[in-house]
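We have chain A already, so just place chain B on it with the hints.
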Amino acid sequence: MDTQLLPKKLTLLSILIFFGLWQGLAMLIQSNTFPLPIVVIDVLWQEIKNGQLPYHLGVTLFRLIISFTISMIIGCAIGILLGQYKQLNAFFDNWLVIFLNIPALVTIILCYVWFGLIETAAILAVVINKVPNVVVTIREGTRTLDKDLMEMAECYRFGKWKTFLHVIWPQLHPFVMAAARSGLALIWKIILVVELLGRSNGMGYQLHLFFQMFDVASILAYTIAFVSVIQIIELFILKPLDQKAMRWRR
Amino acid sequence: MTDVTIQINHKSFLSPDSGAEKTVIKNLNISLKSGEFVCLVGPSGCGKTTLLNILSGLDKKFQGSINLGRSQTHTDIGYVFQNPRLLPWRTVKENLKLATNATDDVLEPLLELMKLTDVQHSYPEQLSLGMSRRVAIIRAFAIDPELLLMDEPFVSLDPPTARQVRQLLIKLWTNRPHTILFVTHNLREAIALADRLIFLSASPMSVVAEIPVPIARKERLNETEIELFRTKIFSDYPDIASLV
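Those protein sequences? They're chains A and B, same order as listed.
Sequential numbering of the first sequence, starting at 731, is according to my numbering.
Sequential numbering of the second sequence, starting at 2, is according to my numbering.
Bound-form chain A, shown alone (with noise of 0.2 angstroms):
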């Protein structure tokens, strides 16, 4: 019981030290560009209660639910095919360390420059700046695919199909998970990129609007916000998925 209780109780420990911490250096430095965490408490729930963090929120999530998603399936796509067949992966690897290597901001801007300021474009933004991480990661794992089950499943037949679902995804599982956690860590971010630059709405649109404003409270507020969102999905979506793929482990 006590062993099962630890974790618990060292997670709420640390929060409170977190907050104390925080507490402490506010009382210390005594300045408006850095509030009180009961301060910045008031504000989340002002700006939950008029209105405005829900729907800047829920813009911004849209967003990312598109982006992510869209992201995951070409980038998983690529990946395997890459990871499948080496004179492929031989073509397109510079490309993908290309890619890889382009700075966001700059495909942020190509983008609204060529499409213009549109959803389209900030969507394909962050797309394009997600797509090579996910199919380096997937590429890693399609490549360490156990050949005795594939000849397995050859040998008795399981088609295409039945193979991909039974014998391959369950062994990439792993490494979706990994490129589904950094991705959303990445995409949140360069979604505030793209709405501060191109957008009058999202989190990005609002946290530009409280920096012209020095409104650092608010700052905060919306990060909270946006970071306990994350911590949701975490907790309620991805580790449930993660321990049932898993749950053949001893």
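Read the hints as simulated data drawn from the structure, not as lab findings.
None of these values were measured; they are calculated from a predicted model.
All clues stand as given, with none of them false.
Straight-line distance between alpha carbons at most 25 angstroms, and here's what the computed SDA-like set of lysine to any residue pairs gives: (1) Lys877/A x Pro89/B; (2) Lys877/A x Gly58/B; (3) Lys890/A x Tyr124/B; (4) Lys892/A x His122/B; (5) Lys974/A x Asp119/B; (6) Lys877/A x Gln83/B; (7) Lys94/B x Trp978/A; (8) Lys974/A x His896/A; (9) Lys877/A x Leu15/B; (10) Lys98/B x Leu879/A.
Okay, now just chain B, sitting in the frame of chain A:
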């Protein structure tokens, strides 16, 4: 089921280091009667697994022909690999259903015969090696194959477990008599199982001798009978000793 004939004129590999061609099988002719249990005995690395991979259709780069009788295709071949090759994320029963498309009516008697009913909903990681190998055997039998290939399926099992699984295999084969090609380098195991022994040379592999096993099935439980026949083989065919 009809007879199976295997004729492999030439099979070679390119050496990954030098790029030189290495012949693995040369002029190999084997015939199997319907329902016959044949053991291939040969030294390690002589090309036995390569032969099974050719027969199963996993390796298509060879010169020669394979006649499986009725089907004329590779769809009716069951393969028990050296390691069980079960999907770790599927339970025993899910593994069997995925590979064989067999119904519960087919699988449950097989699970009972192989003493696996209690673990049918367990994952492979929860099974012992002996149990996993029995699941792999059921998987091969459940597709009702024209030819059943077994590649040293009892290697690395401790002797009592290996003996137990061998007996279960014979029981299963007696209930469902399929043509079996069983690869081993253990002559005692081969004598305990086979109707006929085929001895293979070192690479490039070819048939050295074919010896029927005249011992009745019931008498093969007796280790002395097996040992006596083993000694007789060595005295009748002195060259074979170097192959096992």
